[in-house]
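Once you have looked at the hints, place chain B on chain A.
Same order as they appear, the protein sequences are chains A and B. Each residue of the first sequence is one higher than the one before, starting from 682 at the first, in my numbering. Each residue of the second sequence is one higher than the one before, starting from 682 at the first, in my numbering.
Note that these hints are calculated values from the structure, not bench results. Each statement offered as a hint is correct.
Copies of the same chain look alike in the list, so a pair counts if it works inside one copy or between any two.
Each computed DSS-like pair below joins lysine-lysine, with the alpha-carbon atoms no more than 27 Å apart:
no.: 1; residue 1: Lys739; residue 2: Lys1075
no.: 2; residue 1: Lys739; residue 2: Lys1040
no.: 3; residue 1: Lys917; residue 2: Lys688
no.: 4; residue 1: Lys731; residue 2: Lys1075
no.: 5; residue 1: Lys688; residue 2: Lys839
no.: 6; residue 1: Lys742; residue 2: Lys1040
no.: 7; residue 1: Lys916; residue 2: Lys839
no.: 8; residue 1: Lys720; residue 2: Lys1075
no.: 9; residue 1: Lys1040; residue 2: Lys731
no.: 10; residue 1: Lys689; residue 2: Lys742
no.: 11; residue 1: Lys839; residue 2: Lys909
no.: 12; residue 1: Lys1158; residue 2: Lys918
no.: 13; residue 1: Lys1158; residue 2: Lys917
There are 2 protein chains.
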Amino acid sequence: MGEHPLKKLMFPRSVAFMGASNNIMRMGSFLLVNLIGGKFEGPIYPVHPKEETVLGLKAYKRLRDLPEVPDLLVLVIPTRLVPDILEEAGTLGIDRAIIVTAGYDEVSSEAGCELQQKIDRVAEKHGIRYVGPNCIGIYNAFIRLNTTPLPNRMAAGKIGMISQSGTYLSHMYPYLERLEFNFGEGISLGNSASIDLVDTLEYFEERPEIEVITMYIEGIRRPREFLKTARRVSKKKPIVALYVGGSEGGGRAVASHTAALAGEDAIYDAAFRQAGVIRAWSIEQLLDFSWAFATQPLPAGNRMAILTSSGGPGASMADCVTRCGLKLPSFSRETQAAVNEHLPHTGTSANPVDVTYTKDPDAFLHHIPKALLEDDEIDGLFLYGFFGADWLVKLDEAVGGGYLGGEPEEIRRMGAARTEALIEFLLGFGKPVMGSTFLDNTDSMVRDMRRGGIPMFPSPERAVKAMEALCRYRTLKDNRP
Amino acid sequence: MGEHPLKKLMFPRSVAFMGASNNIMRMGSFLLVNLIGGKFEGPIYPVHPKEETVLGLKAYKRLRDLPEVPDLLVLVIPTRLVPDILEEAGTLGIDRAIIVTAGYDEVSSEAGCELQQKIDRVAEKHGIRYVGPNCIGIYNAFIRLNTTPLPNRMAAGKIGMISQSGTYLSHMYPYLERLEFNFGEGISLGNSASIDLVDTLEYFEERPEIEVITMYIEGIRRPREFLKTARRVSKKKPIVALYVGGSEGGGRAVASHTAALAGEDAIYDAAFRQAGVIRAWSIEQLLDFSWAFATQPLPAGNRMAILTSSGGPGASMADCVTRCGLKLPSFSRETQAAVNEHLPHTGTSANPVDVTYTKDPDAFLHHIPKALLEDDEIDGLFLYGFFGADWLVKLDEAVGGGYLGGEPEEIRRMGAARTEALIEFLLGFGKPVMGSTFLDNTDSMVRDMRRGGIPMFPSPERAVKAMEALCRYRTLKDNRP
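Next comes chain A alone, as it looks inside the complex:
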């Protein structure tokens, strides 16, 4: 078996780009800006009929003027020009392309469909494999390749994103950045004329750095192959999917978006189940689940413990745990005793453990989570109630300073050290741990926890639902031949 056709497309050594100009307000320019700004290491060759340079790079009049045959060609040119340019590219030996240009099958005009057929013929003649048309391109953090309209400056993550929406690839970068996780690679499929879901699944199957496959699906073109492939791949890596085409409104929307043939929701639902695909019900949930899979081990069972310093989020999590079909067991006498040792008299050692307020940070940040994670009858842990040391520093500043009992820098340093110790300790048990917070990364502890690999979800219920996804996947794995 040779190299997967997507490998060269996702890891090109050089990229030619047609359709950007020195007017930054154009779609093509958006994309080239990020290709340049993302610091892709290989050569980038803008092709432009008139300009000497485009966005600061030397430009070439025609494809045949390029100093080498590029591994990848990106096209953001007018709809009807694509077949001829592709013909020229094929003649030159270019065999991988991204066709961002839209206006084909998805507009369901005769002209659009004819142009698509022309593209098909040219691609077949020259052995060209391409992503699109009507897509937004690709993102590969491992080689800092980004042909999409938004910048992505984060480290490479373990998530492989397959999206029938360019937005759900590229518009997510700022969202992911705020939560401190990232895609490793992402492919916006567009109309999937040459490369489709199945190809991409196969590709990510073989990519060792990709440990979670995330899919936004509008419709599946090759259902039989999809089922077979997903069934195989999901045994190795979790596949999480959002499918929006199954309702009347969704079905109508996707038809004009990517020309997808959406199918009944119940059929897709059954297919996902058979194939071991974990279904999500919103884009937010798709990414929540992916985050959990990318950072946490699978729980051995579904017996959960909750540790909180706030009753409300504790009760929300407890409520959601039960509603999701997870278990919230009462603790053994030993565990209760171990917890009680560190609890103030206002606290409770039932499940949820609510410490309310304690003056001893080690109780909340070490002794009690230790007692819970050491319990063999507990498979996973939820946390709520972390604030970084700079919260105290800010409180102190609000009343003029001097009430901290120490220097602000020292308080910050101690807080950071405590967080580091907590993360190492939490990850050491091999059990999934998830937190939630209403703060953002301006809080140092929330930021450090996220960077350290503990997902801190923006709401308590979202943490619980992500845990439920891990449990669902484990059950699926356990019950398959």
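Coordinates of chain B only, in the frame set by chain A:
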């Protein structure tokens, strides 16, 4: 009918505070910091047995040393001291208090319950009405009164928050601040020993500035009075509620949190329906719904239009609209024609309208939304795809600058002016309009839209579900005597 007993408590002219010290790491100190830092205009009197000053304010040794009888007394003192201090306060004529101190009914110890009975007797003897015990205090933006542990620096909003969790009052401030909306007033009820849900509902009923009532409920103590009151109040103002006590896990959690007697979920669900209360299913959703009610008019019906520049979020919204039972009608010939006039050939004028990419900002920001909102057969509008001008400026900077076709400041100014015009125009139709974005407020357009009163939800589905809540409330109102 006299003034509601909560009025004096929520609008005190002076506050005495017992339980803060010059060690900022203590619970009482957290609260006093925010009372001081929030710039409450009346006098604040810390009471402390030893210190001359507390957090920079002159301190008094005992309550009887205060220069006046304060309107409100806040207690964060040891559990067993509360009855005696309250007795002293009552003797002095203090008749409103917040008892933050915990350790009473919620710990279900004999000692705790006895202390609560003592408090009851003292309160009755002196006519003291109090919030708590085991609460986090109150927040009143109208007089900048904040006795909770987190600062809140936003303008007063229209939401009255009633919470059986202190966290779901105070920890939400940074979350609300990020989304640019705020509570007007908020009350953390704790164990609800003197002031409960019903009292607070009655109070907010009379507050003209409060237009939406938001409730986090662990259990209802006076179900009959609650039903009667909620039924009456919900005719005037929407009431949105999250109830977490109805599941096995939730019921157990709330018992030890606020000593609430939770009831079966189905019973609460039916009661909410009867009382015209809009139920939410997570804390995030509770606030989403409240945000929508606080900013948008009610839709006349449930026929929705979607306008997007991105197919994925368009499809997600369309899918969610149908799943929520809202309608996504096909447009009339006139509306389609009006939309088509401004659409590029890659766009679609079906519902969702997907403009894909257009070079004409007025198409997306004026002409097309105008056509949709002018359509009598459309009751509400969803938007996706806004980016502020600084996004362009940042793109330009990423490639060294100079490709904007204008000065960055001018581009920013034009962008801000366009956003301002858009907001005014969108609000002028008297139809609900909601957007969504994956950006945060570092994007100027997202920030300005939120500040201008267009809720921009953090995900497309959340916008749709919030609209559904408005539709549900309108239907409830229409179908009531």
